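**Student:** Residue-level listing of the chains:
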Amino acid sequence: MRNETLELDRRQFVKLGAAAGGGLLLGMYQQDLPAQFGGPPAAITPQAFVHIGTDDIVTLTIHKPENGQGAETAMAMLLAEELECDWNNIRTVFAPVEPIYGGPLQGTFGSMAVRTSWDPMRQTGAAARQMLIEAAAQRWNIEASECRAENGFVINQITGASLSFGTVAEAASRLSVPDDIPLKAPSDFRLLGKPMKRRDTKAKIAGEAIYGIDFELPGMVYAVVERCPVFGGTVSSFDASEAMAVPGVQDVFEIPQGIAVIADNTWAAMQGRRALKVNWNEGANANLSSEQIHSELVELTGRTGAIAADRGDIDSALADAATTVQAEYAAPYLAHAPMEPFNAVAVVEADRCEVWTGTQIPGLAHSSAVEASGLPADQVKIHTLYMGGGFGSRGGGSWVAETVEIAKRLSGPVKLTWSREDDLQHDRYRPASCVHLEAGLDSDGWPTAWSGRAACSSFAGLRNGLDREAVVELANPNYEIANLHFEYHEPGIDIPTNYWRSVGHSQNTFFAESFIDELAAQTDKDPVEFRRRLLADNPRLLRVLDIAAERAGWGQPATAGSSQGVAVTNCFGSFNAQIAEVTVENGRVHVHRVTCVVDCGRVVNPAGVVQQMQGGIVYGLSAALRGRITIQQGRVEQTNFHQYEPLRIDEMPEVDVFIVPSDEAPGGIGEVGTPAIAPAVTNALYQATGQRVRSLPITL
Amino acid sequence: MARMSLKVNGRTLTVDAEPQMPLLWVLRDKLGLTGTKFGCGVAQCGACTVHLDGTAIRSCVTPVSGVADGEVTTIEGLSADASHPVQLAWDDFDVPQCGYCQSGQIMSAAALLANNPNPSDADIDAGMRGNICRCGTYQDIRGAIHAAAEQANSKNGEEA
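Protein sequences appear in the order of chains A and B.
Take 1 as the starting number for the first sequence in this note's numbering and just add one per residue.
Take 1 as the starting number for the second sequence in this note's numbering and just add one per residue.
Keep in mind the hints are simulated off the structure, nothing from the lab.
All figures in this text were calculated on a predicted structure; none of them were measured in a lab.
All C-beta atoms, glycine included, are put in the ideal place defined by N, C-alpha and C.
Among these hints, one or two may not hold up.
As the list claims (entries may be wrong) - Partial pick of chain B residues on the chain A-facing surface, computed with a CB cut under 8 Å:
(1) Trp25
(2) Thr34
(3) Cys98
(4) Tyr100
(5) Cys135
(6) Tyr138
(7) Ile141
Claimed, not checked - Rough simulated footprint, nothing fancy, chain A against chain B, three-plus residues with beta-carbon under 8 Å:
(8) 44–50
(9) 58–69
(10) 116–129
What the hints assert, rightly or not - Within a straight-line C-alpha distance of at most 20 Å, the following computed SDA-like cross-link-like pairs (lysine to any residue) qualify:
(11) A:Lys202 to B:Lys30
(12) B:Lys30 to A:Lys197
(13) A:Lys202 to B:Arg142
(14) A:Lys197 to B:Asp91
(15) A:Lys202 to B:Gly54
(16) B:Lys30 to A:Lys194
(17) A:Lys197 to B:Asp92
(18) B:Lys155 to A:Ser562
(19) A:Lys194 to B:Asp91
(20) B:Lys30 to A:Phe215
(21) A:Lys202 to B:Ala147
(22) A:Lys197 to B:Gly77
(23) B:Lys30 to A:Pro413
(24) A:Lys194 to B:Asp92
(25) A:Lys202 to B:Gly77
(26) A:Lys202 to B:Pro85
(27) A:Lys202 to B:Ser83
(28) A:Lys197 to B:Leu88
(29) B:Lys30 to A:Leu375
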């Protein structure tokens, strides 16, 4: 009898025994999270990831929410490969918030779903398979080694007889979980590494997929919240009389975040909100402006900051350099603007709080709901639904807290819906950054020194005075440069910030890859050749660059009259090179073609990788061309898509994605396409116009 | 509040609504047809696209009183079982990522092809540029529309 223990290490599973209704339940350990997310959980309560019913249906619990990045499909593939179930007999459910699914940050972020699940999911599937085989072998009175599993059946290799998984699941559940489970050799993969259609496509094209915003409960009322337009402002007083007179409006009351309007449908709530009269304490940020922020950031880049990197002797290297190059670069605040505005449904009673929402980080949604409800953690449940995009915004903090605050004051369920204006004006933004860069070149034009300072609000908090994300690729450039020195300033601006697709890379790759191009241009070196030599010790990055140059026909653009620009990035464990072909017509930038080469190690679903690289490019290109959140009098100026216009289909370049075959451990993919497109385009613009773009969005 | 009769997806439904309530919210909150999505409320994003007498409209800025006795078709009514040629092509190309914009994309594409069975890339750009996709599925959308057009044309060719 296996000793059930609450503490799991990587090699142990704890089996729960027969599930209600029969079948096999199998727990799974939690892969160590990278150290900056707190490391491995100390003590885990085992939970089920796989349920095999006596009806042969395999129910997989997905602990990585689906926000479009394909996690649902990838997790199912990882399991099914080793489990040897029938792919068409799989159902998926999203995990409740329980420690085994990831701890306080249970969820998907950092392009980590596949790379943290690669081993555990396969081992879970393999363990279940072994137990099913053992159960069948016992029934046949033969050795397990004389059986194999295939497509949902255990096959007796002596007689050719077979038993379906469902038939032996109950017996398997009474067996011990094996300690040591050999995994398949990659050459034996049937699913992994081959393109797989997404599991959610059919529901989404029929209009049947339920997103948070679609969820309904009987007796549900509808809410919107009016928040102070100035960052950090609070309610001074309000007059709800006209709001209450709007047909359908039932109630108006204050919550910590603003004024909630409750109605019997969303539209009435929105109309009620327009009729509110609110006096605000605008507070300390009432005069905050983009101009002021920008000049503060620039001023900081002229002052000594926290040291993020120091190697060699930067002062001597710069003093001795044949040439020094300096430049100032800048990038703005950016909103995430997922297509589905934030929303949640919540119900709060004396001893229960339940929330239904699309969230990237159910663990965070849970802790927000616990705090807002005041209930113990085990009385708070989060139900994770599909999301209409996340891009780093959908952690589950702000709107979940608001919905619970509202539900606390009502006797039944309530749905809170954010408007697009709310989304753009009350986001937590990709922070603006100003950077001063300086390099020293030898007499042949090769860099001997790389130095600079970044002033950029921390993405999510400082550690030892630094935010590593805010200086990534600047403090640790990809290129072999002997003398290095980089400093960082946290400017203390009272605008909320958050991870945004590719985080620090989203602006720093633009800064670094533009500046490297500037250095090449000092002695008229070809941008690809310049990088090649400086990447000699970085073989995977060099390889994607070489393949991209070949595929793009570097030096001979396919688009007549276009100019080419190149950029590379190493982020989230993967390596990417992009070459853009660009023309300028009537003062407008046209991106015709993008060659994108990615090395993300072993691939689970190549179709998913292509989707994410294309999607990441579009997200980055949108930002490069028009992305800018500006602040005047403490409030965001942009209200809706006409003032924050994403890329549209008529601006979509032809994107060619090539995945480098690799045996390396899986790298991330969700964010990897975003960083390199802006500098690839602006480096091309330099070739086209002779003008160096040093701030985004691009203005010619 | 007014009681009105609406023709939606081939059925006549009775609903109580303010006359100026946008059709989008009548569909979603009153009729439980949540396939049509809210993205911006100002006709900038196309997520709310439905057909009115076969023409693509943005339901977020169409007051329900403006529908009168027109035939409204939503994504749920485009076909019985996701078998419209556009939906079949969307499935073949595995177009959706988050999928939230895709009801609107499909409705716009269906209207485009109904009016122009053989659209060029420029026609597709013009007909579809009102539909934003933040996940960036545009290349697959274009491919799927061309495929749906070819499929429909070859079928017609066989019948001829």
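**Student:** All the hints need checking, so say for each whether the structure fits it.
**Tutor:** For each hint, the structure was consulted:
1. Trp25: With a minimum Cβ separation of about 4 Å from chain A (threshold 8 Å), the hint on Trp25 of chain B holds.
2. Thr34: Because about 4 Å separates Thr34 of chain B from the closest Cβ in chain A, which is inside the 8 Å limit, the hint holds.
3. Cys98: holds, 3 Å
4. Tyr100: Constraint on Tyr100 of chain B satisfied, holds at 3 Å.
5. Cys135: Holds. Min distance 5 Å.
6. Tyr138: Result: holds, 4 Å to nearest chain A Cβ.
7. Ile141: Hint on Ile141 of chain B: holds, closest Cβ of chain A at ~7 Å, below 8 Å.
8. 44–50: With 3 residues closer than 8 Å to chain A, the region 44–50 of chain B meets the three-residue bar; holds.
9. 58–69: Three-residue rule not met by the region 58–69 of chain B, so violated; n is 0.
10. 116–129: It holds, with 5 qualifying residues against the three required.
11. A:Lys202 to B:Lys30: Violated, because 25 Å separates the two Cα atoms, which is more than 20 Å.
12. B:Lys30 to A:Lys197: violated, 34 Å
13. A:Lys202 to B:Arg142: Holds, because 19 Å separates the two Cα atoms, which is no more than 20 Å.
14. A:Lys197 to B:Asp91: holds, 9 Å
15. A:Lys202 to B:Gly54: violated, 24 Å
16. B:Lys30 to A:Lys194: violated, 44 Å
17. A:Lys197 to B:Asp92: Given that 20 Å is the threshold and the Cα spacing comes to 9 Å, the pair holds.
18. B:Lys155 to A:Ser562: violated, 40 Å
19. A:Lys194 to B:Asp91: holds, 18 Å
20. B:Lys30 to A:Phe215: Cα-Cα ~13 Å, so holds.
21. A:Lys202 to B:Ala147: holds, 18 Å
22. A:Lys197 to B:Gly77: Violated, at about 24 Å.
23. B:Lys30 to A:Pro413: holds, 17 Å
24. A:Lys194 to B:Asp92: Holds, at roughly 16 Å.
25. A:Lys202 to B:Gly77: Satisfied, since the Cα-Cα distance of roughly 15 Å is no more than 20 Å.
26. A:Lys202 to B:Pro85: holds, 14 Å
27. A:Lys202 to B:Ser83: holds, 11 Å
28. A:Lys197 to B:Leu88: holds, 13 Å
29. B:Lys30 to A:Leu375: Violated, at about 33 Å.
When held up to the earlier numbered hints, the structure conflicts with 9, 11, 12, 15, 16, 18, 22, 29 and fits the remainder.
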